[in-house]
Amino acid sequence: MNNMHHPLAKYLRPGAEVTTACPGCGDGMIAQSVLRAIDEMDIDIDSFVFVCGIGCAGWIPSPYFNADTLHTTHGRPIAFATGVKLAKPDRRVMVISGDGDLSAIGGNHLIHAARRNLDITVLCANNGIYGMTGGQVAPTTPQHMRTATTPYGNPEPPFNLCKLVEAAGATYVARWTAAHPRFVTRAVRQALNHEGFAFIEVMSQCPVHFGKWSERGGAVDLLEDLKNRSVTLRQEKRLSEEEMKDQWVVGELITEDTIKISD
Amino acid sequence: MAKKRGQAKVWIDAFLCKGIEGCNLCVHICPENVIGASADLSIKGVHTAVVQQLDLCTGCDLCMLHCPELAVAVERAEVTNYA
Amino acid sequence: MPEAALKPGRYFMQGNVACAEGALAAGCRFFAGYPITPATEIAEHMALRLPEFDGVYIQMEDEIGSIASVIGAAWTGALAMTATSGPGMSLMQENIGYAVGTETPCVIVDVQRGGPSTGIPAVPMQGDMVQVRRGSHGDYESIAFAPASAQEMFDLTVRAFNMAEQVRTPVFVMADAALGHMREPVEIPEPNTVPKIRRKLPDPKTDPQEIQGFLDEDVAPMPIFGHGFKAHVTGSCHDERGMRNVVDAQALDGFVRTLTRKVEKQREALIQVESEETEDAEVVLLGYGMVGRAAKAIAQEARQTGLRVGSLRPITVWPFADREIQTLCENAKRVMVMENNLGQMLPYVQAAVNADVISLPPQVLGTLHRPQEVLERIQEVIS
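Residue numbers (our numbering), protein chains in the order written: chain Y, 1 to 263; chain B, 264 to 346; chain Z, 347 to 729.
Don't read these hints as lab results, they were simulated from the structure.
None of the hints are false.
BS3-like, lysine-lysine: derived pairs with alpha carbons at most 25 Å apart: (1) B:Lys-272 - Y:Lys-10; (2) B:Lys-307 - Y:Lys-212; (3) Y:Lys-212 - Y:Lys-227; (4) Y:Lys-10 - Z:Lys-551.
Each pair of labels, with its calculated beta carbon distance range: (5) B:Gly-299 - Y:Lys-227: 21 to 27 Å; (6) Z:Pro-397 - Y:Lys-227: 48 to 54 Å; (7) B:Lys-307 - Z:Asp-594: 17 to 23 Å; (8) Z:Gln-405 - Y:Lys-227: 39 to 45 Å; (9) Y:Pro-157 - Z:Met-589: 36 to 42 Å; (10) Y:Pro-157 - Z:Gln-405: 31 to 37 Å; (11) Y:Arg-234 - Z:Ala-350: 53 to 59 Å; (12) Z:Asp-400 - Y:Thr-149: 44 to 50 Å; (13) B:Ala-265 - Y:Arg-234: 28 to 34 Å.
In this text, a Cβ means the ideal position worked out from N, Cα and C, and glycines have one as well.
Chain Y extracted, bound-state conformation (with noise of 0.2 Å):
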């Protein structure tokens, strides 16, 4: 049973409230920033077709949502999203999935549908870890940092998926952190009203497992360190690339309005 009092509970599947993220999980965080859109946009879940793919994050509108989800492979939920598109254009269509299923195995399908400037929504929870399968590294896990599967430290420098989306074509890129829960709203209603491909990374918090390899503490910890890296573009400017090292800029980075292949 949910909380009754709750504005968003409404949209929750009944029988399906209780979450399967961890204590303090920024997962949790974003599925309610994303509902919190759904609601003050006054759109019609039913409206939506979710799809997501295998890890944490698959798991914030799956089976969470009470609305079409559309739960795949791991990697692929942006290739099956292409058919939803493409198929019944008519349909609001967000993938929400984490940074291993989006960048790593999913890689390939993210860059395609940028360039494709496919009119969906990618959201990118990203916990720089593989937190489902117990904290092994990730292509997001920072360079140096000891996981599961890098117990000598991690010798692989991690991606910046917002450069590298931006790279491959998407018109609409936001960065934003669980820890910026308004933010990441305003994300998602403005990546929503965006035509085009629309690509929002939230830094997630991780406290059991990239919490505990990174040595960087609990739920709590995490959730400042989030918000102490998080430099807005007109900061950036000032800082050097030194100082830039082990932060990330925030912010909506490109907004640039652009022809959809689904024309």
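Please build the complex by placing chains B and Z on the supplied structure of chain Y, with the hints as guidance.
Just chains B and Z now, kept in the frame of chain Y:
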């Protein structure tokens, strides 16, 4: 200008809450120390977040927004639109 | 779009093109694919023709994306297909399992080529006959048809869509490079004479939380997107409402057995076998696809020399026509399984038939069996 307090109701669902041991986000984010920890363990074996000083609450909504479980709900006397 | 449909009549048509036209005639309006010899002509023809039907063609970045978008499109209600060859089939296996597990109707054409690995793209082989049955992980049933002519490329693709809709599962059309590329006369029928079976949908008045859109042996109604059914589609083990259960072995048991029974119960609708002169035959030549034509022609030639030889061509290769083959071969001394491979269907025939069963690949894999090489083997047994 003094903050308007006692302006909101806060409900925390003790079943949905996964506990201050692992989470504690609402307790931490509240600027007014409204929320604390339960004295007893919940059915899930954790100390849940509980409303302790509702009269201090300004209805800022931060606790509600920061809960990953939608376990915290805030109802304000007056509604302000932010978006 | 009646104007876009081919005018009924006799056409000289390439196998791959006939397959594409069959799909369009059946109502296919979504194709996603990736170029691969020798199936590419299907994609090219669909790219040309689908817009004429207000359909959608997309060339995806790879075969995995292709089958994924086919499944996504099918969940919006569309009749969707892809076409590939061996290497693409290998890539698609994970999502094929997903389509089976989520009961997604779709058609996958495999125009088989020389393998393994890159092999020879433009030389025919029947190399994927077991892969189509068991290529994805886990336990499940497959439905596959093996056309033997350009006409059957048209007819069996129509049938593939109808059976996919009826059984709510992927259906395969197993062709090969020779069949895909050759040109033969094809009769195109009047569009409204083409049978069109369509999946059932839930009653729109049903409470979405009560819809049982999965795991019915008699085929559950499909809660497609966009109708307020609030479908929950997952490849995880689930219950009749599509809700996940990854805890109870009992749920897994139901998941696997129900999906299997669902196909088994349709056996009669699915199995098609063609045979000639098997009643008194001492030797039966069994072949499917293009090889089936060789088997038939060689059996006829043998008969003309007085040898009691018959031919048997499974048109449905999966589910396996064990009972039919057993009955048709019950008087035979020997069954010669002619395959353009080293004996992929052989063990299944051996299990079904009491006679002596031997495998007979062509002398040179990738080419058609020559009458002489087969007649010599027949004469070993009878004279």
